[in-house]
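J.: All chains, please: the whole structure from these sequences, using the hints.
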Amino acid sequence: MDLTDDGRTRGRPDDAGPAGGPGRSARLRSELKRHPSLVAGGALAAATMIVAVAGHLAPPHNPLAINPGHSLAPPGPGHWFGTDQFGRDVFSRVLYGLGLDVVIGLIVAALAFAVGSMAGLVSGYLGGWIDDIVMRVADLLMSFPSFLLALSIAVVLGNTVRNVIIAVTIAYVPYLLRLTRGSVLAARGADYVLGARAVGASRSRVMTLHILPNVVGPAMVQATLMLGWAILDVSGLSFLGVGIQPPSPELGVQVAQGASYITSGQWWISVFPGAAIILAVLAINFLGDYADDKLRGQGS
Amino acid sequence: MPGLEIDGLRVSIGGRDVVRAVDLHIAPGSCAGLVGESGSGKSLLALASVGLLPRAARVTAGRIILGGDVTVTADLDRTAKVRGSGIAMIFQSPRTALNPLLRVGHQVGRVLRRNGQHADLTRRCAELLGAVGILEPGKVARLYPHELSGGMCQRVMIAMGIACEPQMLIADEPTTALDVTVQADILDLLDDIRSRTRMGMLLISHDMSVVAERCDSISVMWRGAIVEAGTSRTVIGSPRHPFTAELVRDVAHRPQPKDRPAQRSPAGPADGPPTEARG
Amino acid sequence: MRRYFIRRLGLAVLTLAGIVVLVFMLTHILPGNPALVAAGNYANAHALRVIERQMGLNRSLAAQFGSYLGNIVHGSLGTSYTTGNTVAHDLFTRLPATAELAVVSTILATIIGVPLGVAAGLRAGGVTDWAGRTGAVIGTSIPIYWLGIVLIVICYAVLHIAPAPTGEVNAFAAMPPSYTHSLILDSLISGNWPTFFDALRHLALPAITLGIVETAPILKITRSATLEVAGCDYVRTARAYGLSRWEILKNDVLRNVATKVLTAVGIVFGFLLGGSILVERIYDWPGIGLYAWNAVTTTDYDAIQGYILLVGLVYVLLNLAVDLLYAVADPRIRFGSAGGGPRRRPRPPWPGRRVISPPWAERH
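Residue numbers (the numbering used here), protein chains in the order written: chain A, 1 to 300; chain B, 1 to 279; chain C, 1 to 364.
Please keep in mind that the hints were generated in silico from the structure rather than gathered at the bench. Please note: incorrect hints may appear among the correct ones.
Below, in silico cross-link-like pairs of lysine-lysine (DSS-like), each with a Cα-Cα straight-line distance of 27 Å or less [what the hints assert, rightly or not]: (1) C/250 with C/260; (2) C/250 with B/139; (3) C/260 with A/294.
T.: Next up, the structure:
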């Protein structure tokens, strides 16, 4: 609650001190204290990235190497997460698969963001029948649970990585479209837009230079969260046998391959890959929480 | 002295004083005015009097005494008991101040019930709604807030306020959100209630003209402190603080000091039937 | 109210029509040849053509669409080549099992999520709030299928308190006659107590799995709705008039939160439809989800198509029901609002998941 009644904004704390004041590290510390989600998210994200990169560059064992003599070994020295039914080292596979899933998720999120926000921008700005049609299509796509929609599309397209990415992206685009379009509709009547049009700027110029920067923010934050959902959905599809297939060490595939062994006691084949998924998605969710707090201008 | 007495009140938010050593006294039956810009702390002062300060705010010094024997600051439980029956408060935007999912009559009724009056609620609600100048109170009682105009919502709020027959009524910018034509009606209504029930009133506004005509005494608040206080005649006639002078200058016409003979119609004109165009 | 109802009904019908077209497009326009799949990898060109003609794939797209529509109107969803029954029959007999899961898990999630969410929202900044929020974040990060596996490992393999994940009952149970095709109801109706309790025990773990995952979005939405409502002017008014905490909670907070919670439960139920495939696969639960999974792995096109149509129908009906309940709860929708309340149920754009929308984008 800023209670200055003569309209002055309060000075920033580090403007006042000598030689620049408390400075950046103090600001960072106070930010971290007020937003524990940033701490948690940042730490987890860093851990995930380190693990994923290490898993790709230098996995302890070859994730794909079959070793029948050592199959179904429980976690222990040499194989920290045990081995699966083919003798493959689960730890290496989990590391490798984590990187794989994160990359796939990033592609999905980036594609969905690009297509969804562009479509929402154009549709919202141009209005008219274009907008009507686009909205009807988006509504139709949203009349299904997104996982099932992605499942249907992936089944029909065929079981490849590319098709899974396409399917999940299609399922996500309508939401980003709706979000962006909403922001555009609100921004369309704003003063700075009217001003730009008044001095004769073309529609496309107004769209890209004036509206786009202001509406892209929430969509970007939503797309970040979608990274997490993408990882969950893609691995869920792989678990069902749709899309990514064995021997790919994708995490959902790994969970599926270990599923038949849980009742006989070899739990490590399925549990560790799933835990890796949780690690990545949790990191994203915490960071998304933080971004959301910032966007709404509150402390957590 | 009975009435509401605010003594050296100090409220702070996050270490910063937003209400500074305020003294204010409202005698029963009189109307005190509190004028200041937004951000001057007048709303916080009002909220402190009913114990409804936001979580971040804290009373750091002073007392508020109602009726000579109840302190309504430190003891939150006692304050809760006093709210509604000792002090009532009406707020600035009447439409958002009413529960959108409850019928208007129900909302008045539960205030009555809280004050121990369980009998004959429907009739009493209709009576109250009629007393605040609503035509066809029986019909209006069955409506929802979104079906009423702003002025009618404010009347409902006033009805809720006086349902408890409080000793003191605090009106925080009661007319700011209303049409100019309706403002005078609402203020007349408040005056009328005050003269009938010997209720004391604190009228808070940023607009000196609202306060000037109707208040016996005026306090001017600036940046959390009372910079000038006195009878309305003195404050308006010879303002000493530069801020007061500014406020007085801004008043559209020269206000009459408050010793006109009271001439109020028994119930102000209603705003008409609820239509979609109003509000 | 009637106008609202008719409008919503019309919208639902339109959406259903759109879904019918969408499903047709999915299976007939996208690449992939169902005849090839049915024929197998070693069919020669001639056999392929025969099968194509049998399936009607050699006709024009319009003709295929025509017969597709005709079939649907007659309630025929084709025949499953794996079970040999009509798809309609298959779905009809399996739907109750999925319904059992859906109902029980949603009840569980609501019982836990709503009170916790309200408590968290009222005590914002406190321990309950922090615990609730963290729980919700964790809950939305867990893959359902993994949770199911972990629960089986812990409760069955280690603790031995849950039965083996082999469907609704163990293999030696006496099956009751199928009145409703819901094992629990059927055994209850026919007084077959051993099977009834066995079925309940088998229902526990899958329902808990789904329930845990559903609790998170319900908690989140309830909490944020409570926070929003608690800061509203009318709550302040109620307090200013000295109303008791219980009265304020009941009539101001909960009533205004209820509508948003209703939306949340509806959303979550929709999310269930997707989650049920995963859960039924793990627990071998004989509902429509497992049926769909079998259809997917055997590329039983008719079954897949029928399943998608059914899910679409259920989802549309669900949204319709929630919209109507919303109208009952919120008089602003019922009577139309004069001064700018919501004109239709505000729709969060992302089912069951966190929504980020700038405050101004709430206008549709």
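J.: Taking the hints in turn, state whether each one holds.
T.: Hint by hint, here is what the structure shows:
1. C/250 with C/260: 15 Å, holds
2. C/250 with B/139: Holds - the C-alpha atoms of residue 139 of chain B and residue 250 of chain C are around 25 Å apart, at most 27 Å.
3. C/260 with A/294: 24 Å, holds
Hint check: no violations occur; every hint is consistent with the structure.
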